[in-house]
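**Student:** This is what each chain is made of:
Protein chains: 2
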Amino acid sequence: MTATKKHIPADVRREKLADAALRVMKRDGITAATTRAICTEAGMAQSTFHYCFRSKQELYKALLSTDINVTLDAGTWPTVDPSAGPAENVRLLLRAYWSAVESDPATHLVLSELVNLAQRDPELSDLPNWQHQAYLDRATALTERFAAEAGLQLTIGTRQFAELVVAALSGIGSAWLSHRDDRTALESLDNFAVLFAGLTKPLPPGSAPL
Amino acid sequence: MTATKKHIPADVRREKLADAALRVMKRDGITAATTRAICTEAGMAQSTFHYCFRSKQELYKALLSTDINVTLDAGTWPTVDPSAGPAENVRLLLRAYWSAVESDPATHLVLSELVNLAQRDPELSDLPNWQHQAYLDRATALTERFAAEAGLQLTIGTRQFAELVVAALSGIGSAWLSHRDDRTALESLDNFAVLFAGLTKPLPPGSAPL
DNA sequence: GTTTGACTTGGTCACTTGACCAACTTACCG
DNA sequence: CGGTAAGTTGGTCAAGTGACCAAGTCAAAC
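For the protein sequence lines, the chains are A and B, in the order given. Using the numbering used here, read the first sequence as starting at 246 and increasing by one per residue. Using the numbering used here, read the second sequence as starting at 246 and increasing by one per residue.
No lab work stands behind these hints: they were computed from the structure. A few of these clues could be false.
[Claimed, not checked] If the Cβ cut is set under 10 Å, some of the chain A residues that face chain B in the computed set are: (1) D273; (2) T276; (3) M289; (4) W343; (5) E358; (6) P373; (7) I417.
Note that the structure is predicted; figures quoted are calculated from it, not measured. Ideal placement from N, C-alpha and C gives every residue a C-beta, glycine not left out.
Please model the entire structure based on the sequences and the hints provided.
**Tutor:** The following block contains the structure:
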């Protein structure tokens, strides 16, 4: 059996509490994540909460800062298939992201709830933007890598392209959370793949090869 | 001064309460919309609430049923400009919707909060889907009308097309609520307009004219 | 081994929330 | 005009809520 230490540094306790909070939120929604519920989930006394966090706001801040989407695009992305067209490659990429959403809807719900909360609170209102930019950064980097591997260049700015992709994915995602119709979501996804592929063209022959 | 009736039928009182609730939610967020705050806003005693609604859930149900987006696409849509290309016409259409979003962000925030709430509550979990379908219906109808007026036909199903438009708009919208960068939003909007225009082609000459 | 400071907790506070009821007031109908 | 049903309200309840504190417990530094 694991030796349960009685004393744990506040830092790791904060992390444990944040994890527990996320777990409660995913299971029962953000409103159910009271300090008591969180501490119970973490196996601590309720008073521990205010030893680790000055206030509940501070927990929200911690949750939105250690961005949750890390989980999302940490998945393995498909490798480019040179024999397939750009549309098919974009399609595979979008679908790879999508499977992450579909397999863990609760996380996306929580993220939406947290962002809504932060947008109302002047103290936290910077975080949604920060979150979105971080998200966009990753999408941009991924787009660049993908274009290079596929021997394509974009006909609009990479960041603008990423912005479109993120908008489409988040739109499809939030719609799917409402209707839960996988077929419709995949249909939209594939349609967007074709459209986005239309924003690419082959690299000129003289370009530096991969 | 207006003669204030002491007795008001419960039906209209329900409506007054729903209006007040929406006002409070837009101003201070959904969590601030307690039965007390709502009744104060409506100028009634708190006990009135439970005379008009069996429970608070029932208010949420009422709010999500009398869909709020009616306000959104009730705006006057631009008429098709025959001399302009399809991309430009789609652009104008998307921008018309967008100005409604931009001029009233609070409504969209509340809608998002309400949908999140409903998605957690088994009792209300049908409503988001219903809401989305109603929304999609209007988008579909509008798309059809627009295509006819512009003398275009779509290269994919009308409903699929509408699904893409709705996804793109909601994606741009929710991103904008985070970053509040008008320029970026309009840029994305215009890019999507071009893409969507690519899903149209002129009506064959033999078709019935407008 | 004692001191010191970090960690831990039961108990409690002031406050809010949704719900409800008994008593009251008004409108309408016969 | 009297009665009946609909509307109205102050007051109250139980169940939470975030916050906080005083009294402990433990581990490492001296």
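**Student:** It remains to establish, for every hint, whether it holds in the given structure.
**Tutor:** Hint check results:
Interface restraint check: A:D273 against chain B, minimum CB-CB distance 8 Å, threshold 10 Å, status holds. Of the supplied interface hints, the one on A:T276 holds, with its beta-carbon coming within about 8 Å of a beta-carbon of chain B, less than 10 Å. Look at A:M289: its Cβ only gets to about 25 Å from chain B, farther than 10 Å, so that hint breaks. Hint status for A:W343: violated, given a least beta-carbon distance of 12 Å to chain B, over 10 Å.
Given hint, A:E358 at the interface with chain B, holds; its Cβ is 5 Å from that chain's nearest Cβ, closer than 10 Å. At about 4 Å, the closest approach between the beta carbon of A:P373 and any beta carbon in chain B falls short of 10 Å, and the interface hint on this residue holds. The interface hint given for A:I417 holds, since its Cβ lies 5 Å from the closest Cβ of chain B, which is under the 10 Å cut-off.
Going through the hint list in order, the structure does not satisfy hints 3, 4.
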